[in-house]
Amino acid sequence: MATMLDSRTPAPVAEKPPVKARRRINPLQWNVAGGLAGWLWLAIVVVPIYWIAVTSLKLQDDYYDANPLALPTDPTLENYRFVLESDFARYFTNSVIVTVGSVGPAVLVSFMAAYAIIRGGAGSRFLRTVNGLFLMGLAIPLQAVIIPIYLIIIRIQMYDTLGAIILPSLAFAIPLSVLVLGNFIRDVPKELFESMRMDGATEWGTLWRLAFPLTRPALVTVTIYQGLTVWNGFVLPLILTQSPEQRTLPLALWEFQGQYSVNIPAVLAAVVLTTLPILTLYVIGRRQLLSGLTAGFGK
Amino acid sequence: MTIAPPVVRTAPPGSNNAGGSGSVSWMAWPALIAFTLFGVVPLLGVLVLSFSSWTGQTTDIPFSGLDSWRTVLADPDLPHALWVTFLIMALSWLVQTPLSILIGVFLAARHRYRAVLAVLYFIPLLLSQAAISITYKALLDPNFGLGAGLGFPFLQQDWLGDGTLALGVVVFVVSWQFIPFHSLIYQGGVRQIPASMYEAAQIDGAGRIRQFFSITLPQLKYTIITSSTLMVVGSLTFFDLIWVLTAGGPGGATQALAVDMYQRGFKANLMGPASAIAVILVLVGLLLALGLRRLGGRDQADSQLEGA
Numbered sequence: 001m002a003t004m005l006d007s008r009t010p011a012p013v014a015e016k017p018p019v020k021a022r023r024r025i026n027p028l029q030w031n032v033a034g035g036l037a038g039w040l041w042l043a044i045v046v047v048p049i050y051w052i053a054v055t056s057l058k059l060q061d062d063y064y065d066a067n068p069l070a071l072p073t074d075p076t077l078e079n080y081r082f083v084l085e086s087d088f089a090r091y092f093t094n095s096v097i098v099t100v101g102s103v104g105p106a107v108l109v110s111f112m113a114a115y116a117i118i119r120g121g122a123g124s125r126f127l128r129t130v131n132g133l134f135l136m137g138l139a140i141p142l143q144a145v146i147i148p149i150y151l152i153i154i155r156i157q158m159y160d161t162l163g164a165i166i167l168p169s170l171a172f173a174i175p176l177s178v179l180v181l182g183n184f185i186r187d188v189p190k191e192l193f194e195s196m197r198m199d200g201a202t203e204w205g206t207l208w209r210l211a212f213p214l215t216r217p218a219l220v221t222v223t224i225y226q227g228l229t230v231w232n233g234f235v236l237p238l239i240l241t242q243s244p245e246q247r248t249l250p251l252a253l254w255e256f257q258g259q260y261s262v263n264i265p266a267v268l269a270a271v272v273l274t275t276l277p278i279l280t281l282y283v284i285g286r287r288q289l290l291s292g293l294t295a296g297f298g299k
Numbered sequence: 300m301t302i303a304p305p306v307v308r309t310a311p312p313g314s315n316n317a318g319g320s321g322s323v324s325w326m327a328w329p330a331l332i333a334f335t336l337f338g339v340v341p342l343l344g345v346l347v348l349s350f351s352s353w354t355g356q357t358t359d360i361p362f363s364g365l366d367s368w369r370t371v372l373a374d375p376d377l378p379h380a381l382w383v384t385f386l387i388m389a390l391s392w393l394v395q396t397p398l399s400i401l402i403g404v405f406l407a408a409r410h411r412y413r414a415v416l417a418v419l420y421f422i423p424l425l426l427s428q429a430a431i432s433i434t435y436k437a438l439l440d441p442n443f444g445l446g447a448g449l450g451f452p453f454l455q456q457d458w459l460g461d462g463t464l465a466l467g468v469v470v471f472v473v474s475w476q477f478i479p480f481h482s483l484i485y486q487g488g489v490r491q492i493p494a495s496m497y498e499a500a501q502i503d504g505a506g507r508i509r510q511f512f513s514i515t516l517p518q519l520k521y522t523i524i525t526s527s528t529l530m531v532v533g534s535l536t537f538f539d540l541i542w543v544l545t546a547g548g549p550g551g552a553t554q555a556l557a558v559d560m561y562q563r564g565f566k567a568n569l570m571g572p573a574s575a576i577a578v579i580l581v582l583v584g585l586l587l588a589l590g591l592r593r594l595g596g597r598d599q600a601d602s603q604l605e606g607a
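Sequence order for the protein chains is F and Y. Counted the way our numbering counts, the first sequence spans residues 1 to 299. Counted the way our numbering counts, the second sequence spans residues 300 to 607.
Worth double-checking, as some hints may not be accurate.
[To be verified] In silico SDA-like links for lysine to any residue, alpha-carbon gap of 25 Å or less:
id, chain 1, residue 1, chain 2, residue 2
1, Y, Lys-520, Y, Gly-487
2, Y, Lys-566, F, Glu-255
3, Y, Lys-566, F, Glu-245
4, Y, Lys-566, F, Thr-129
5, Y, Lys-520, F, Glu-255
6, Y, Lys-566, Y, Ala-417
7, Y, Lys-520, F, Asp-74
8, Y, Lys-520, F, Ser-243
9, F, Lys-190, F, Asn-263
10, Y, Lys-566, F, Arg-155
11, Y, Lys-520, Y, Ala-417
12, Y, Lys-566, F, Lys-190
13, Y, Lys-520, Y, Gln-510
[Stated by the list, open to error] Label pairs and their calculated CB-CB ranges:
id, chain 1, residue 1, chain 2, residue 2, range
14, F, Thr-93, Y, Pro-375, 29 to 39 Å
15, F, Val-96, Y, Thr-358, 31 to 41 Å
16, F, Ser-195, Y, Glu-498, 51 to 61 Å
[Stated by the list, open to error] Among the chain F residues that face chain Y by a calculated CB cut under 10 Å, a handful are:
id, residue
17, Leu-59
18, Leu-71
19, Ala-89
20, Phe-92
21, Tyr-115
22, Ile-174
23, Ser-177
24, Leu-268
Because the hints were derived from the structure by calculation, they are not lab data. Even glycine gets a Cβ: it sits at the ideal position worked out from N, Cα and C.
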């Protein structure tokens with residue numbers, strides 16, 4: 001039954017729903033309460049998103065006159081032009097620098113640490129302690145330690161730089177990344193490690209030639225999850241930067257709204273522009289993104 | 300978001316022959332150093348700073364013993380902030396959990412159209428809390444928002460100007476963003492329930508509702524605990540959302556702990572009391588996480604993870 005709709009998507013093989021087909025009719029099909037909740041929730045999610053999209057295409061004057069949910073009679077990109085002229089290209093670049101600069105190194109060092117913990121954890125008290133430390137780290141909320149982070153950043157004279165956002169973002173991405181990557185490295189069959197060792201490979205070589213290819217899906221997942229977290233981060237830029245040149249998108253959006261709060265179409269165009277990159281990513285790699293969102297809780 | 304540390308099992312003793320652990324230990328150092336500098340040191344630092352009267356404006360840090368703690372603990376704002384935090388936590392749990400379970404069960408059935416719905420459901424998860432809050436602030440504006448344009452008197456209230464309503468808006472916006480996440484967790488949980496259990500129940504003549512309460516819910520126990528832990532502990536850290544939406548107002552009605560901390564520290568330049576509140580935030584979070592974990596039975600720590 002699913003194949004009929006499938007023709008729309010000339011998608012990769014993975015697009016096929018797993019198993020099913022021969023499966024007995026699932027009793028979950030007749031689920032009245034679930035169905036009601038499902039459709040109601042759809043409306044609750046879609047109406048605001050639709051409102052954002054149509055409003056961002058209206059002129060401020062038209063917006064006040066007409067029904068806010070009506071399609072724009074005279075769609076315009078004027079709001080987008082206005083937002084782009086407010087230096088959003090710079091904020092976008094800043095967000096890219098911060099995200100890439102923190103998530104890249106974070107995933108790399110987490111991967112190495114996870115490898116070390118899984119490979120050497122049994123024989124090394126040090127590695128078990130490190131593992132315990134990262135587990136504890138999962139429970140530290142960023143907000144609660146923001147004051148000492150602010151102090152450290154001032155002391156190392158990085159206040160009001162992009163690096164000030166990058167360093168704590170990098171550190172706080174580590175615990176969950178180590179946890180998830182460790183879970184996947186553990187699944188690599190021991191025999192493969194053993195045969196690498198027989199072939200005289202070093203641990204460093206084994207890390208890259210064996211563990212890396214075999215855990216690539218997990219690496220992608222972790223990268224996406226952490227990337228989304230850093231991209232959407234608000235607290236660190238708010239506290240650790242000051243000048244407009246160092247703003248990332250969420251902070252810029254907030255400042256923009258403070259400045260032009262009456263011009264709702266422009267504010268919403270800014271909302272669209274800041275989320276467009278993520279939505280594009282969502283369209284391209286939905287599965288990876290969703291598994292990334294539950295990283296660590298699902299595996 | 301963070302929290303709910305599921306236990307990582309270190310490699311079983313059998314893998315001892317892995318070429319000597321000394322040869323891999325160095326690989327853990329970069330992560331260890333990075334996390335120590337910006338995770339562990341700040342955690343200790345916040346405790347130290349809670350005994351200071353640092354203003355945040357200067358680089359010298361005068362210590363003042365228990366002054367900050369006395370100030371904070373005697374301040375009626377603290378019980379108020381705790382109460383607001385608790386209200387947001389409890390209400391958002393009450394709204395999110397039943398809906399997430401219902402939607403999770405709904406999405407667990409493998410239907411093409413439900414997969415399409417799921418694609419739409421998850422969009423809020425991708426947006427920053429700043430973007431979501433800004434959108435709702437505009438949408439709920441009594442003069443320029445959706446309600447004013449549509450002419451629905453119900454929607455036209457001063458949502459963010461009234462204390463009770465503002466708290467409701469915070470809970471709604473939290474739910475709007477996070478129900479998809481928890482539905483996803485429940486969807487995974489429901490899909491792991493063996494179909495044979497439902498078959499047996501059908502043979503015994505149990506109806507749909509009976510099956511839900513006798514099979515689905517009990518089987519989801521560990522999923523519920525995981526999801527609730529994330530909800531409850533995560534709700535302590537709502538800052539972006541509240542700050543952008545209401546900045547703690549009106550009249551302190553949405554002044555949760557994290558907002559209180561920010562205002563004392565970075566608005567009133569009282570880093571000592573703000574650090575004391577941060578310590579309280581960490582302690583409350585740990586207590587809740589441990590308490591919920593105990594609820595699930597400590598020996599079952601692993602299946603909590605697998606239930607998710």
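Legend entry - Hints not upheld, ascending by number: 4, 5, 6, 7, 8, 9, 12, 14, 16, 17, 18, 19 and 20
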